[in-house]
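2 protein chains.
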Amino acid sequence: MSNATVQAVNPATGKAHETSYEVSSPKQIRHAAEAAGRAFGPFSAMQARGRAAFLRAIADELESVRDEIVALVPRETALPAARAGGELGRTMGQLRMFADLIEEGSWVDARIERAKPDREPLPKPDVRSMLIPLGPVAVFGASNFPLAFSVAGGDTASALAAGCPVVAVAHWAHPGTSQVVANTILRAADKTGMPDGVFSLLQGTGQQVGVPLVKHPAIRAVGFTGSRRGGLALADVAAARPEPIPVFAEMSSINPVVLLPGAASGRAAAIAKGLAGSVTLGAGQFCTNPGLVFVPQDTADAFAKELSAALADVKGGTALHRGIAESFAASVAARTGRDDLEIVVGAAGSDSAGGQDDGGASMAPFVFKTTLEAFAADSRLAEEAFGPATTLVTYTSLDALADVIRRMEGQLTGTIHYDESDRPLSETLVSALRSRVGRLLLNSFPTGVEVCSAMVHGGPYPATSDGRETAVGTAAIFRWTRRFCWQDMVEEALPLELRDANPLGIARRMDGKMT
Amino acid sequence: MSNATVQAVNPATGKAHETSYEVSSPKQIRHAAEAAGRAFGPFSAMQARGRAAFLRAIADELESVRDEIVALVPRETALPAARAGGELGRTMGQLRMFADLIEEGSWVDARIERAKPDREPLPKPDVRSMLIPLGPVAVFGASNFPLAFSVAGGDTASALAAGCPVVAVAHWAHPGTSQVVANTILRAADKTGMPDGVFSLLQGTGQQVGVPLVKHPAIRAVGFTGSRRGGLALADVAAARPEPIPVFAEMSSINPVVLLPGAASGRAAAIAKGLAGSVTLGAGQFCTNPGLVFVPQDTADAFAKELSAALADVKGGTALHRGIAESFAASVAARTGRDDLEIVVGAAGSDSAGGQDDGGASMAPFVFKTTLEAFAADSRLAEEAFGPATTLVTYTSLDALADVIRRMEGQLTGTIHYDESDRPLSETLVSALRSRVGRLLLNSFPTGVEVCSAMVHGGPYPATSDGRETAVGTAAIFRWTRRFCWQDMVEEALPLELRDANPLGIARRMDGKMT
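Protein chains in written order, with the working numbering: chain H, 32 to 546; chain S, 32 to 546.
Please keep in mind that the hints were generated in silico from the structure rather than gathered at the bench.
Incorrect hints may have been included.
The list makes no distinction among identical chains, and a pair is therefore deemed to hold if it is satisfied within one copy or across any two copies.
Here are the simulated lysine-lysine pairs, DSS-like style, with alpha carbons at most 25 Å apart [stated by the list, open to error]:
1) K155 x K304
2) K147 x K544
3) K147 x K304
4) K155 x K346
5) K58 x K147
6) K222 x K336
7) K222 x K304
8) K336 x K304
9) K304 x K544
10) K336 x K544
11) K246 x K222
12) K58 x K336
13) K46 x K304
14) K46 x K246
Being a predicted model, the structure only gives us computed values, none of them experimental.
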């Protein structure tokens, strides 16, 4: 990649694609931000059904280029075509879900307190409030979800739904997919009469275009999915602005899994099979990948054997780009040759972790094993190794385990496997996990993230830069809003959601009570 | 004030009080934070009616020391006894409002998506989420609201309601009031059986106790009301922690007021009278003080005359502490002797701004007058002068005014005064103000902040450090929460709010629909 162009590489072959994309110039970055700023007024003032039509039109346009996308994604990311097709469906589903949400309309949390002119000692004013959009949002897509968390992914869908124009930055590893998807959004905007500038795509790296975009005063919030280094760099830029803006960066997580004694002895084979699938799904390139498994010491060897067996037939996979494979190989190397860490599955130095014959991007599964004491003593063992790897950590005391969990960094998920014999579920363990994660699973695996109203995909820092919010599900829309209040306002200047007659028929809070 | 004690000064006399308070030691700070950390588990696990009883007991205890508080507040703050009594009532009202809110229970935004084991291609898991408390909160009270925004004020009430223990830092200017109020909370905690450490009070300045408190890992969020310098200093400390925490700092605001032509000519006397009252309320020491009034040029002189008349009988008042009077005098001095700024009311250099005869803390009202062009050219004219001052800014074009407003810093409030002849209300003006404020008022004055479900007291940075939230009203509770998700969890480990039978009878979202 030169300074002036972005050129994707096929990770499976190491060969560059024929098409290259110009890196957006400072002028193009400025124009995109300014156009988004101009679009904000009309776009946010539009009735929700107009924005809903736009979102649905994007989904329809995406369907119309399904073949092109399903062919292109594997060439840019090494993800299989079936995965591309599935992820495309999820992306369309998200767009339609947000269309339904805003068309129904109650999500704005409308609150009305009626005036009491005769109240003593002071009259009560008429006070009405609801959530309004923040303004243009910069969206940075993920390498590992080229559709569902990229240009038309959850961040874009939720921001547009809220009434925020979007300037998306294509991930440099899949510029072609990004461009095809961006074109569907632009066609949908055109067909549904959206204001110019409601959506723009920029090409280039975070340093090239991301930093100047986040610095631009027209940008009012940032959505990011990717590495901790990248997310924190953008958060620093956003915090240093004359007017700082919120950054919702979804970053690293190793997603601890705890096997309770009964489950570990009674269901070892089944858990090992599920875990093997979860660890290696998408070549381990999921932010919800279970990278840490706490196993009772007395059943740890047996469980390790089951996990080895379950992984015996799993080939690993090709990394999304060579940088991930190199980083994974480095993580494996750093865990090799340590007295306190056993390699249960995998062979360091083999060509399976960063070989040359296939573009250098293949990654084979690794399982490490250590003790709770060793894990607690070395924070490097809690660092994410992005790829198909997990570490078994043996424990003898649930209290000691809970203590270690309480001292861990924030995580997206935590999982407990238990059996009838483990009942009642240890509140000490549950509360320790709850303090460090955004989603707690029981007898399940964290890699599936159901897109629905109740999902929380987010967790305490550094899993996300703002652990109070979710990036998946309908509640993701709240990230792009602020609460706004009108006092003694004339009806005609109020949004429809707050007018007396409730013309949209939404659920509202009147004088404190839901109606 | 020595390093080791806090001693209040009577602002009206300049004399130190007899009682002094020890500055909390590093050990006491650590103990308070650790005790709050230990209390968090049992306090947050408690049923809401337990916490509601605690909040109501605090209100009752406050009532029982009404006489003491009403006598003490004026001596520490120079606020009149009637104001102290009124503010005490508001403080009790807030506590009871949050008790009602959590006892009703629906505020947690419970969301349930039921499992569909037979769904193709993948089964749907059972997913449930709601808002849970963040953890112990550090609360920094305001000098200008020694009760309603201090030790037992809105931040403490909303944090306790959410399930967060509180470590409050007494404002150094009213340590005695803080101690009396803290004692009521401790008695209430004792009477209602709250866990040890659910509340602590620390004495000392932000530098002495605030910084180490915010650095302590047990503290999970910060509530602050005060100066921009103080709020941003704590925000920097919070952001530099290994695990950054959210800071909700309510800081400076000059609260622009726009008089439209019809209103300015038709209702000049009435508006001037209301404005004079709003500008000088509490000696101008309100964060919602209207420090900026945009007036049509052709009626500006007439309006200035009306405002002068309305202020002729207003004496100003005594500052909460000498630092405020000195800072106000400096702001006045900086606005004196400028070619582009006329002094309409007030006389610089007079003893009315920082005289010596009364402890040096008196402040007389000032009104300045300038043009939109001069205002736009010098950002110092948009700086807050905390005290009874406002600046009239003359405009000739509503479009030019809207442009200037769009470039202003974030504000808590914006106000428009209009008449029938100004209809329809300019959308250009409304949208400019909306982009820069958290609350928009019509034909009203911003200094009253109604405590209710629909209030928003917060605005774009730097009015608040996080402009998405409110510090007043029931929605203030959301600041201390994060969304948390349980997947495939056994009933017994779910909070009552998410159990199938809905034992609390709260409103919930089932499979995306409100029930």
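Going through the hints against the structure:
1. K155 x K304: Classified as between; 19 Å across copies, 63 Å inside a copy.
2. K147 x K544: Classified as within; 16 Å inside a copy, 33 Å across copies.
3. K147 x K304: between (65 Å within a copy, 22 Å between copies)
4. K155 x K346: For K155 and K346, the Cα distance exceeds 25 Å both inside one copy (69 Å) and across copies (28 Å).
5. K58 x K147: neither (54 Å within a copy, 50 Å between copies)
6. K222 x K336: Result: close neither inside a copy nor across copies, 58 Å intra and 56 Å inter.
7. K222 x K304: neither (48 Å within a copy, 53 Å between copies)
8. K336 x K304: within (11 Å within a copy, 83 Å between copies)
9. K304 x K544: neither (50 Å within a copy, 36 Å between copies)
10. K336 x K544: neither (58 Å within a copy, 46 Å between copies)
11. K246 x K222: neither (31 Å within a copy, 53 Å between copies)
12. K58 x K336: The answer is neither: 58 Å in one copy and 50 Å across copies each exceed 25 Å.
13. K46 x K304: Neither way: K46 and K304 sit 35 Å apart in one copy and 76 Å across, limit 25 Å.
14. K46 x K246: Answer is neither; intra-copy 35 Å and inter-copy 50 Å both fail.
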